[in-house]
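Trainee: Residue strings, one per chain:
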Amino acid sequence: MTDAGENQSKDAVLAAHPDHRAIAALTQQLPDAIQNAKYDRGELTLTIAREAIISSCRTVQAAGYNFLVDVTGVDWYPNQPRFQISYHILSHTLKQRIRFAVFVDEGDPSVDSITSVWPAANFYEREVFDLFGVRFGGHPKLRRLLMPEDYRGNPLRKDFPVEGYR
Amino acid sequence: MSELLTAPTVVDSSEDRTMILNMGPQHPSTHGVLRLVLEIDGEVVVRVAPDIGYLHTGIEKTCEAKFYQQVVPLTDRIDYCSPMHNNLCYCLAVEKLLRVEIPERAQWLRVLLSELTRLNSHLIWLGTHAMDIGALTVFLYCFREREQILRLFDDLSGQRMMTSYFRIGGLALEPPLDFFPRVRAFLKTMPEKIDEYENLLTGNRIFINRIKGVGLLSAADAISLGVTGPPLRASGVDWDLRRDMPYTGYEKFQFKVPVSNGCDVWSRYVIRVQEMRESVKIATQALDGMPEGPIKANAPKIVLPDREAMKTQMEALIHHFKIVTEGFAVPAGEVYQAIESSRGEMGYYVVSDGTAKPYRVHMRNPTFATLQAIEKMCVGRLIADVVAAIGSIDIVLGEIDR
Chain Z
1 MTDAGENQSK DAVLAAHPDH RAIAALTQQL PDAIQNAKYD RGELTLTIAR EAIISSCRTV
61 QAAGYNFLVD VTGVDWYPNQ PRFQISYHIL SHTLKQRIRF AVFVDEGDPS VDSITSVWPA
121 ANFYEREVFD LFGVRFGGHP KLRRLLMPED YRGNPLRKDF PVEGYR
Chain L
1001 MSELLTAPTV VDSSEDRTMI LNMGPQHPST HGVLRLVLEI DGEVVVRVAP DIGYLHTGIE
1061 KTCEAKFYQQ VVPLTDRIDY CSPMHNNLCY CLAVEKLLRV EIPERAQWLR VLLSELTRLN
1121 SHLIWLGTHA MDIGALTVFL YCFREREQIL RLFDDLSGQR MMTSYFRIGG LALEPPLDFF
1181 PRVRAFLKTM PEKIDEYENL LTGNRIFINR IKGVGLLSAA DAISLGVTGP PLRASGVDWD
1241 LRRDMPYTGY EKFQFKVPVS NGCDVWSRYV IRVQEMRESV KIATQALDGM PEGPIKANAP
1301 KIVLPDREAM KTQMEALIHH FKIVTEGFAV PAGEVYQAIE SSRGEMGYYV VSDGTAKPYR
1361 VHMRNPTFAT LQAIEKMCVG RLIADVVAAI GSIDIVLGEI DR
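As you go down the protein sequences, you meet chains Z and L in turn.
Residues 1 to 166, numbered by the working numbering, are exactly what the first sequence covers, in order.
Residues 1001 to 1402, numbered by the working numbering, are exactly what the second sequence covers, in order.
What the hints contain is simulated information worked out from the structure, not anything from laboratory work.
Do not take every clue at face value.
[As the list claims (entries may be wrong)] Some chain Z residues near chain L, calculated using beta-carbon distances under 7 Å:
(1) 40
(2) 44
(3) 95
(4) 119
(5) 146
[As the list claims (entries may be wrong)] Derived contacts from chain L toward chain Z, CB cut-off under 8 Å, selection only:
(6) 1058
(7) 1223
(8) 1225
(9) 1239
(10) 1243
(11) 1247
(12) 1298
(13) 1301
(14) 1345
(15) 1360
(16) 1368
[What the hints assert, rightly or not] The following residues of chain Z were derived to be distant from chain L, with all beta-carbon distances above 12 Å:
(17) 10
(18) 19
(19) 21
(20) 30
(21) 31
(22) 32
(23) 120
(24) 141
All residues carry an ideal CB built from backbone N, CA and C; glycine is no exception.
Just chain Z, with the same shape it has in the complex:
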């Protein structure tokens, strides 16, 4: 059971979905933003260049993807680039979801905040900052959210043990 364009290269995935609104808008307006594309289990994941995240969000927002559902992180330690920030975006009119992925290095774990596009990102980005230690440039109040303010360490990093002392 495989879907069209699954496990294929970026160009093949983009070519397999010519009518997809997000792909059309991004390839027309920001041709350099999409670094990679994946279509897996009925879900589209677009890897976005780190510096293009705000403009990409604005572009898909204008294309009808009006609702930011979630922002979270994945730690691919010890691989590089280490952190993947996943953005889940939903369109109420198209009834369709897309996922943006931005990869950031351990050396400079930071990405621009998208709170200017969707204020909903505020808590989500704070949570990622708290638990992964990834900074969001331009965030209005980048503080710890779930852990105490004086806590050291980022619990969801893979080199943080599940039990025992650090």
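Using the hints provided, position chain L relative to the given structure of chain Z.
Mentor: Just chain L now, with coordinates in the frame of chain Z:
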């Protein structure tokens, strides 16, 4: 937060107009351990800063150390008012990763239990919300019916609240023989009971005056702040995942999605009460059309075998041993699965690296996002309205802090 807390204690009297008030974390109307730092000018709220994390137990981190099937009981503990929605959402996400199809009877049972859970959760909300406003009686009425639902769950799974009844690939057990007649008898009485609550509240002038026009949230604000579920529909956005992006067979059911343009606490009350009536209808349809058949997918490497098979067949015994001791490998990939929980869009983002333990599990919980809208609802209003606004977003701290 801390710039609020470290506000100078000695201030120029000409500017000394506002005061910082800590509401929570042990305040009864904050439904658990929510702390709101309120800046108030007399009785009027100038600023609200939610402080969360008092219930943070690192469930997402714990999930990474468990087998896929061992995560199911953890999901109960996230939103303890609607445990089966969490079970369902997690199981659907892993089933999507595994590409497992589950049998029709299991899907219908999942719908039936989801709707009973929604009733259960809305009853808790109605009782506590009315109690916050000052209508104490309704609480006892609601908990009377909730007790019946909990007894049904007890009968079904052996647990009243932390049911863990859903499994990856189906359900844990076939329901007991008297389960369906008991659910039917309960559903038959439920519309009258909802009328009873409405008799106490809907025409009640005190109740209306306390919540009408309070906690306003426009549709544009609701969308930009990530609000979902009844608060979104109360702001006039016609969006329900059960109808618009159906999962586990909801497309086979007929139901209405209540929407209101009131944008206030009152509309959220009206919508949730109507949703309870719709839930009764969906559950009744599920009972009427309940198909026969297996309740587990035919996937011996994922689903535990029947007790009978395990004691008579060698392969079944081996499969059982393998699943229990070393789990089952899930093909690498990432999925996001969302369902309409009692509070809005609940989503599980599961990343697999091809092993038997999830590489990453993230829960997108509805009230986590909705809590961000509390400032929009409360600024410029009275402190008493903050209590009404918190109640109207149906806050559960377990799912916010995780």
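Trainee: Checked against the structure, which of the hints given earlier come out wrong?
Mentor: 2, 10, 11, 12, 13, 23 and 24
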